[in-house]
Amino acid sequence: MMKDNIDTKVGVDAMETKFNCRDVQVYYADNHAIKDVNVDILDKTVTAFIGPSGCGKSTFLRSLNRMNDTIPICRVEGDILLDGEDINDAKVDPVQLRAKVGMVFQKPNPFPKSIYDNIAYGPRIHGLARNKAELDEIVEKSLRRGAIWDEVKDRLDAPGTGLSGGQQQRLCIARAVATEPEVLLMDEPCSALDPIATAQVEELIDELKANYSVVIVTHSMQQAARVSQKTAFFHLGNLVEYDDTNEIFTNPRDQRTESYITGRIG
Amino acid sequence: MPVFWLILIVLAIAAAGFVVGRSRALSSAEGDARKLHSLPSFYGNNVVIKAIVPAFLVMIVWLLAQPLVVASSVSGLIPESAIPDNSSRGLVMAEVRRAADGLDAAVASGGMTEDFARNARADFNDVTERLQEAGAIVTSQVTQPVLRAAQRFRVLNATGKTLMSGAVIALSILGALWGIRETKAEFRARNTVETSIRMLLIAAASIAILTTVGIVLSLVFNTVEFFRLYPASDFFFGTTWSPSFSGRGGSSELGVLPLLWGTFYISIVALLVAVPIGLFSAIYLSEYASSRVRSVAKPMLEVLAGIPTIVYGLFALLTVGPLLLSVFGPNGLGWMQAGTAVMTAGLVMGIMLIPFVSSLSDDIINAVPQSMRDGSYGLGATQSETIRQVVLPAALPGIVGAILLASSRAIGETMIVVLGAGAAAKLDLNPFEAMTTVTAKIVSQLTGDADFASPEALVAFALGMTLFVITLGLNVFALYIVRKYREQYE
Ligand SMILES: Nc1ncnc2c1ncn2[C@@H]1O[C@H](COP(=O)(O)OP(=O)(O)O)[C@@H](O)[C@H]1O
Ligand SMILES: [Mg+2]
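Taken in order, these protein sequences are the chains called A and B.
Sequential numbering of the first sequence, starting at 598, is according to the numbering used here.
Sequential numbering of the second sequence, starting at 1461, is according to the numbering used here.
Keep in mind that a hint or two might mislead.
To be verified - Among the chain B residues that face chain A by a calculated CB cut under 10 Å, a handful are:
| hint | residue |
| --- | --- |
| 1 | Ser1750 |
| 2 | Thr1842 |
| 3 | Glu1845 |
| 4 | Val1850 |
As the list claims (entries may be wrong) - Dumping the calculated DSBU-like pairs for lysine-lysine here, alpha-carbon to alpha-carbon at most 35 Å:
| hint | chain 1 | residue 1 | chain 2 | residue 2 |
| --- | --- | --- | --- | --- |
| 5 | A | Lys750 | A | Lys704 |
| 6 | B | Lys1944 | A | Lys750 |
| 7 | B | Lys1758 | A | Lys710 |
| 8 | A | Lys704 | B | Lys1758 |
| 9 | A | Lys729 | B | Lys1944 |
| 10 | A | Lys697 | A | Lys750 |
Stated by the list, open to error - To list a few chain B residues with every Cβ distance to chain A over 12 Å, as calculated:
| hint | residue |
| --- | --- |
| 11 | Leu1764 |
| 12 | Met1832 |
| 13 | Thr1907 |
Keep in mind the hints are simulated off the structure, nothing from the lab.
Where a beta carbon is used, it is the ideal one built from N, C-alpha and C, also for glycine.
Could you build the full structure based on these sequences and the hints that come with them?
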């Protein structure tokens, strides 16, 4: 019925918009890597970025927490609003922005420190704990959220680099969660993991969406279908299609999207 | 025949052999290279190797052995009575060699006929004057036994050379013929040539290794010899260094401790200068500097590394010493008596080590994966937090290794110490006192006119051995640390 339709629409709109991106352009020197991207990323939702290699998924993801600032030749134009505030504004400190918008990378990159210190790293530099007891609490809570507490609780002093690949990646997720971010960006977080570790991380992502807005870049269509509610398809630097994940996979509107998800381009 | 000509002849034989071998291989396959087991040039190279290698091996061995054989046979010609009381057989043999060279020079300049040079008798002729006229350095009157020996020496040497030339050329030709005889279509020339090349490379590697072993062995033997003449406990635990040069042995005190103390004191000052400056400049260059600054600054630092240490020594002696003296000397704070001091040498050595520390650390810092930095930035860390808490801890083992390597250079450094630190062996805590190091004392023990068999000279080997063991230990430890911790980040 008509009323039902309106209700679901209200339901989606009620999800607060986290990122508001308008006419975003990203250049690497002369290479125009992201062209005219407009997208709204919702809170408490998992958004998947899919698309063939080199289409600019990572580039766009990295412009959401200004990680592109660390690449000297990279230039970002257009408006990226986080909770209505332009993150590229001169007033905004990228360091604080990145505390709010955490990031998990393709390859697990634990620091050469103990498991405890890996997790405590962010809280320490942002002064989130007033004393050791509070810090202990944050570490335990983060490791539990990272679904790795039971595996490491007896060896918090062991080096983080000594864990297995899947454990390392969950450690990195726990590390990102420890700074209490509002958004979690994940760039192909499972591409270096075996199927069991992948399942664990996917389960974790599903739990995380209760508290965070999660954006995940993935090469696996199944993974996008399993974990995300919204999917954005990128192609050659353009955002071709952005919709509910169900829609994209069952009823793509663009020819290119259909070709990609059926495996004809990519 | 001069050796140079001999080499040319052998090479010519080899070149001819190459051409013959190659064409013989082709003709054995009726001109169709596809029927050959190997490419035609392999057959040529096979002949070349057989013509050159045995011939040159014999030549090298002969050149090394002939002087020994000739000397021992000539030495037998000199009767005991011909050796003066205050001299030795070795000294007389040196005179024989000089006389023989003199005869050669005299014949070459036309001052003597060959016949005269061979048969003249010193007691009837003015041989000495005629040798001196020809430019030979003959110290005293040439006596008849010495002249006889010199004549014999010449004859033996000449025949030896002729025989060698004949043998080498004959071997070369035989080798070439052997190679040519082998050349048939089905002969596996490629395998033979590849094996020979491998042998050649193995030989080169073994020479390098054997040389190292030889050096170490000579150090060890001479050190053992020293400890026979001087008690080891006095050497290792003695706190006084005062070698006597006049009276042989007895009154010398050769305790190594003051020298080791000087070495370590100066090295520590040097490292205190070099490590912070080198490390900080490495951090700046690898983490902060734009690529334009880096492209200028890195080569500049490397120029610093290319300055010979003697130039740093001059800098210490002429600039840094006087400068320190004007501040800490009698007219200033009064702590310093002369320009040469631990401080002077240490500061300059520190400057010398800066590029060493910085370029090694730079490489190590650059080797820390970018993903590690990204992880830290992604958590909202600033650049200096990232460097302090992530990059440096990750690079630490490598940096420790670099510092250990730098200290082994500091310990082995000589010229800066000789010119900058003075020559007094002292156990003192004042860094403005003159002190000296192990290396500087090795130089001074061997450059005097001490008898090489005396403990005062042999101690140099014991000092060298001590230094060698220390630096070897440091290097091994440094490599161990670098290796052990590097694996963790890959
Ligand atoms: N650090 C960089 N410097 C220069 N060009 C880059 C850099 N990173 C990515 N690019 C370029 O930007 C484009 C998009 O790359 P990327 O965002 O990594 O693609 P994806 O993650 O979708 O595979 C590619 O053409 C790539 O060559
Ligand atoms: Mg990517």
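Does B/Lys1758 sit within 35 Å of A/Lys704, going by the straight-line distance between their CA atoms? Between A/Lys704 and B/Lys1758 the Cα gap is close to 31 Å, so the pair holds against 35 Å.
Taking 12 Å as the cut and beta carbons as the points, is B/Thr1907 off the interface with chain A? For B/Thr1907, whose nearest Cβ neighbour in chain A is about 50 Å away, the distance exceeds 12 Å, so it holds.
Restraint check, 10 Å cut-off on beta carbons, for B/Val1850 near chain A: holds (5 Å)
Would the hint linking A/Lys729 and B/Lys1944 be met if the CA-CA limit is 35 Å? holds (32 Å)
Hold the hint about B/Glu1845 up to the distance rule: shortest CB distance to chain A must be less than 10 Å. holds (5 Å)
Is A/Lys750 within 35 Å of A/Lys704, Cα to Cα? holds (23 Å)
Within a Cα-Cα threshold of 35 Å, do B/Lys1758 and A/Lys710 meet the stated pairing? holds (31 Å)
CA of B/Lys1944 to CA of A/Lys750, is that 35 Å or under? holds (27 Å)
Confirm or reject the statement that B/Met1832 sits farther than 12 Å, beta carbon to beta carbon, from all of chain A. violated (6 Å)
Let me know if the C-beta of B/Ser1750 comes in closer than 10 Å to any C-beta of chain A, holds or violated. The hint holds - B/Ser1750 has a Cβ within 10 Å of chain A, the shortest such distance being about 8 Å.
Checking hints one by one. Is B/Thr1842 an interface residue toward chain A, by the C-beta closer than 10 Å rule? holds (5 Å)
For the pair we were handed, A/Lys697 and A/Lys750, check the Cα-Cα distance against 35 Å. holds (27 Å)
Violated hint for the displayed structure: number 12, the only one.
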